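> Chain residues, written in single-letter form:
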Amino acid sequence: MTRDEIQSAIFELLKKTAPDTDPTNLKPDENIRESLNIDSFDALQFLVALNDKLGIDIPEEDYGKTATLGSLTDYLEERSR
Amino acid sequence: MKEFLMPSLGADMEAGTLVEWKKKPGDQLKPGDIIAEVETQKGLIEIEVFEAAILENYLIEEGDKVPVGAPMAKLRSESIPGKIPEKDSETHPIQEEEQATESEGPVPSDSISEETSSKEKPSEEKHRIKASPLARSIAEKHNVDLNNLKGTGEGGAIIKADVEQAMAGQKEAPKQTPETGALKDVMKKKTEPETASKQVIKSRTSTSKPGQQESIRAAVAAAMSRSNQDIPHYYLEKKIDMLAALNWIKETNRQREISERLLPAVLFIKAVAKALDSAPALNAVWDNGLQFKNEVNIGFVISLRAGGLLVPAIRNADTKSVDEIMAALNDMIPRARALKLRSSELSDSTITITSLGENGADKVFGVIYPPQVAIIGFGSITDQPLVHEGMLAIRPVLQVTLAGDHRATDGLTGSRFLQALNNHLQNPEKL
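Chains as they are written, first to last, in this note's numbering: chain D, 9 to 89; chain U, 444 to 874.
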């Protein structure tokens, strides 16, 4: 999976989680949940959806690596290899 | 002859279902007229026509689901002599009715699909100023230069109100020509090529959803005002060491598929349900006196993204396992956000929980939802210095509050409840 594919999946699913926002405006080092105002429940649902879509399991201890667009993309890219 | 196409409301829309034709064959369509209502993933949408034409015939029927870009109707173009000046019918005609949409804020660019065939639209038009015919005529009459106005109408078009404001000297006057041109370019890029009619979609979701949100807001306002007027609240707070509970969640989640994982809120709900055994008077309603409730139906506050709250009930939370409570949340929260709750879920609560989740305020003092007599508030868990077994330690601390109805119970009852809640959260495996 390419980085672009991963990012477009992230954007698509974030848009579903927070339809009133434009996730493509996120800066790489911006905290996703803070910027898009996503609560704990929606954050978990977002990771579940990412897992469904990309087939990448994200253990709970790695949640910290999913905080920003940059770190999440890096993490998924690494895990998809 | 032109075809009127199923518009795109953004990249994720594949198809739309025609719910109702709003115009009949033979009807004269004016710019801004609503030709149909279409159900999409984004809700029920009213579709506007953006140029004068006569509706020739339908190509699809009500109830038909067709993909984006599929022809819906045949239009015969016809200018209305004397009504719309030639120069305006070739540009982007804006009706003054559109002022009504101003309060809804700008239409998101992805919900605008301006579809134009290049033949019909001379390229120099890109640099024309978008303005309604009425705005133009007023501006001309009063020597107002449209170049100096910022349009607040559809797609940044100048409308009557803008001209009037400029005349009153109340408005800044930035140059608009380049922006207008750029906007049109952007809009053009977003559209599908080779279409004949110009359409703008006025999203009913953006009008009716705020309508629904407003009614939710009004319901919250009424309930909270009544609560504050009628209920003499008392407040208690307890700090709870969450290390054991968080470790238990971490451990159980490690063994679970991501879709089966638990959130701390599940433990809060279950612990409240069990702690009510120690203080059943809190699981009750006040209706000319205290009436105990047998079922423990915990109202869980769900905040909506657009503002406002819904408080659906997790029924019989005391008899549900933590997994069942998590499943109930997974089922309920998305439906709440989609405003698709069942009426029973919104009326059966016997006590309410509000939880701020992570990284929020440390504590929340709730306002009781009448006729209930208590609300439990869970703040964000934060690392705090805490004395543990005679030693100072940094522990994850949860600050829990209880707001109780002093007509129904006293602080001692509330205190007993919070103590029981603490005990349950220290033994998460037994929840």
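Treat the hints as calculated values from the structure; they're not laboratory data.
Please read these numbers as outputs of a predicted model, since none were measured by experiment.
One or more hints might be untrue.
[What the hints assert, rightly or not] Below, in silico cross-link-like pairs of lysine-lysine (DSSO-like), each with a Cα-Cα straight-line distance of 30 Å or less:
#, chain 1, residue 1, chain 2, residue 2
1, D, K23, U, K508
2, D, K24, U, K783
3, U, K508, D, K73
4, D, K23, U, K736
5, D, K61, D, K23
6, U, K693, U, K736
7, U, K736, U, K873
8, U, K693, D, K73
9, D, K73, D, K35
10, D, K24, U, K681
11, U, K517, U, K465
12, D, K73, D, K61
13, D, K24, U, K508
14, U, K693, U, K717
15, U, K806, U, K873
16, U, K806, U, K763
17, U, K681, U, K693
18, U, K466, U, K681
19, U, K681, U, K717
20, D, K24, D, K73
21, D, K61, U, K466
22, D, K61, U, K465
23, D, K23, U, K517
24, U, K682, U, K517
25, D, K35, D, K23
26, U, K682, U, K603
27, U, K517, U, K467
28, U, K682, U, K584
29, U, K717, D, K61
[To be verified] Each pair of labels, with its calculated beta carbon distance range:
#, chain 1, residue 1, chain 2, residue 2, range
30, D, D65, U, S764, 20 to 28 Å
31, D, D28, U, K508, 24 to 32 Å
32, U, K508, D, F19, 40 to 48 Å
33, D, R11, U, S580, 49 to 57 Å
34, U, M444, D, D60, 39 to 47 Å
35, D, P36, U, Q869, 35 to 43 Å
36, D, S79, U, G854, 40 to 48 Å
[To be verified] Output of the computed footprint for chain U on chain D, the stretches with three or more beta carbons under 8 Å from beta carbons of chain U:
#, stretch
37, 14-20
38, 38-48
39, 72-83
Ideal placement from N, C-alpha and C gives every residue a C-beta, glycine not left out.
> Each hint should be assessed against the structure and marked as holding or not.
Consistency of the hints with the structure:
With a CA separation close to 24 Å, the supplied pair D/K23 and U/K508 stays within the 30 Å bound. As the CA atoms of D/K24 and U/K783 are separated by approximately 17 Å, the hinted pair is consistent with the 30 Å bound. Between U/K508 and D/K73 the CA atoms are separated by roughly 42 Å; this puts the pair beyond 30 Å, and the hint is violated. With a C-alpha separation of about 41 Å, the suggested pairing of D/K23 with U/K736 is violated against the 30 Å cut-off.
The straight-line distance between the Cα atoms of D/K61 and D/K23 is roughly 14 Å, inside the 30 Å bound, and the hint therefore holds. Simply put, U/K693 and U/K736 have alpha-carbon atoms about 34 Å apart, too far for the 30 Å limit, and the pair is violated. Note on U/K736 and U/K873: the hinted pairing holds, with a Cα-Cα distance of about 24 Å set against a maximum of 30 Å. For the given pair, U/K693 sits about 16 Å from D/K73 by alpha-carbon distance, which is consistent with the 30 Å threshold.
A hinted pair counts as satisfied when its Cα atoms are at most 30 Å apart, and D/K73 with D/K35 qualifies at roughly 16 Å. Pair hint D/K24 plus U/K681 does not hold up; C-alpha atoms about 37 Å apart against a cutoff of 30 Å. At roughly 14 Å between alpha-carbon atoms, U/K517 and U/K465 fall within 30 Å of each other, so this suggested pair holds. Between D/K73 and D/K61 the alpha-carbon distance is near 19 Å, which keeps this suggested pair within the 30 Å criterion.
Distance check on the hinted pair: D/K24 and U/K508 sit about 22 Å apart at the alpha-carbon level, within 30 Å; holds. The suggested pairing of U/K693 with U/K717 holds, with an alpha-carbon distance near 22 Å, which does not exceed 30 Å. Proposed proximity of U/K806 and U/K873 is supported: the alpha carbons are some 26 Å apart, at most 30 Å. Taking the CA atoms of U/K806 and U/K763, the gap is near 27 Å; set against the 30 Å cutoff, the hint holds.
Restraint check for U/K681 and U/K693: satisfied, since their Cα atoms lie roughly 24 Å apart, inside the 30 Å limit. In summary, the hint linking U/K466 to U/K681 is not supported, as the alpha carbons are separated by about 63 Å, beyond the 30 Å threshold. The straight-line distance between the Cα atoms of U/K681 and U/K717 is roughly 17 Å, inside the 30 Å bound, and the hint therefore holds. Our distance criterion of 30 Å between C-alpha atoms is met by D/K24 and D/K73, whose separation comes to about 21 Å.
Under the criterion of a C-alpha separation no larger than 30 Å, the hint pairing D/K61 with U/K466 is inconsistent with the structure, at around 42 Å. With a C-alpha separation of about 40 Å, the suggested pair D/K61 and U/K465 falls outside the 30 Å cut-off, and the hint is violated. For the proposed pair D/K23 and U/K517, the alpha carbon gap of about 35 Å is over 30 Å, so the pair is violated. Between U/K682 and U/K517 the CA atoms are separated by roughly 69 Å; this puts the pair beyond 30 Å, and the hint is violated.
In summary, the hint linking D/K35 to D/K23 is supported, as the alpha carbons are separated by about 15 Å, within the 30 Å threshold. Of the pairs offered as hints, the one joining U/K682 and U/K603 is violated, with about 59 Å between alpha carbons and a cut-off of 30 Å exceeded. Restraint check for U/K517 and U/K467: satisfied, since their Cα atoms lie roughly 11 Å apart, inside the 30 Å limit. Of the pairs offered as hints, the one joining U/K682 and U/K584 is violated, with about 71 Å between alpha carbons and a cut-off of 30 Å exceeded.
Simply put, U/K717 and D/K61 have alpha-carbon atoms about 38 Å apart, too far for the 30 Å limit, and the pair is violated. Separated by about 24 Å at the C-beta atoms, D/D65 and U/S764 satisfy the suggested range of 20 to 28 Å. A hinted range of 24 to 32 Å holds for the C-beta pair D/D28 and U/K508, which are about 26 Å apart. For U/K508 paired with D/F19, a C-beta distance near 26 Å fails the hint of 40 to 48 Å.
Here the CB-CB span from D/R11 to U/S580 is close to 54 Å, well matched to the stated 49 to 57 Å. Hint check: U/M444 to D/D60, Cβ distance near 46 Å, so the stated range 39 to 47 Å holds. Evaluation of the 35 to 43 Å hint for D/P36 and U/Q869 yields a pass: the beta carbon distance comes to about 41 Å. At roughly 46 Å, the beta-carbon separation of D/S79 and U/G854 lies within the given 40 to 48 Å, and the hint holds.
Look at the stretch 14-20 of chain D against chain U: 1 of its residues bring a Cβ nearer than 8 Å to a Cβ of that chain, fewer than three, so the hint is violated. For a cut-off of 8 Å, the count of residues in the stretch 38-48 of chain D with a CB near a CB of chain U stands at 5, and the three-residue condition holds. Evaluation of the coverage hint for the stretch 72-83 of chain D: breached, as 0 residues show C-beta separations to chain U shorter than 8 Å, against a requirement of three.
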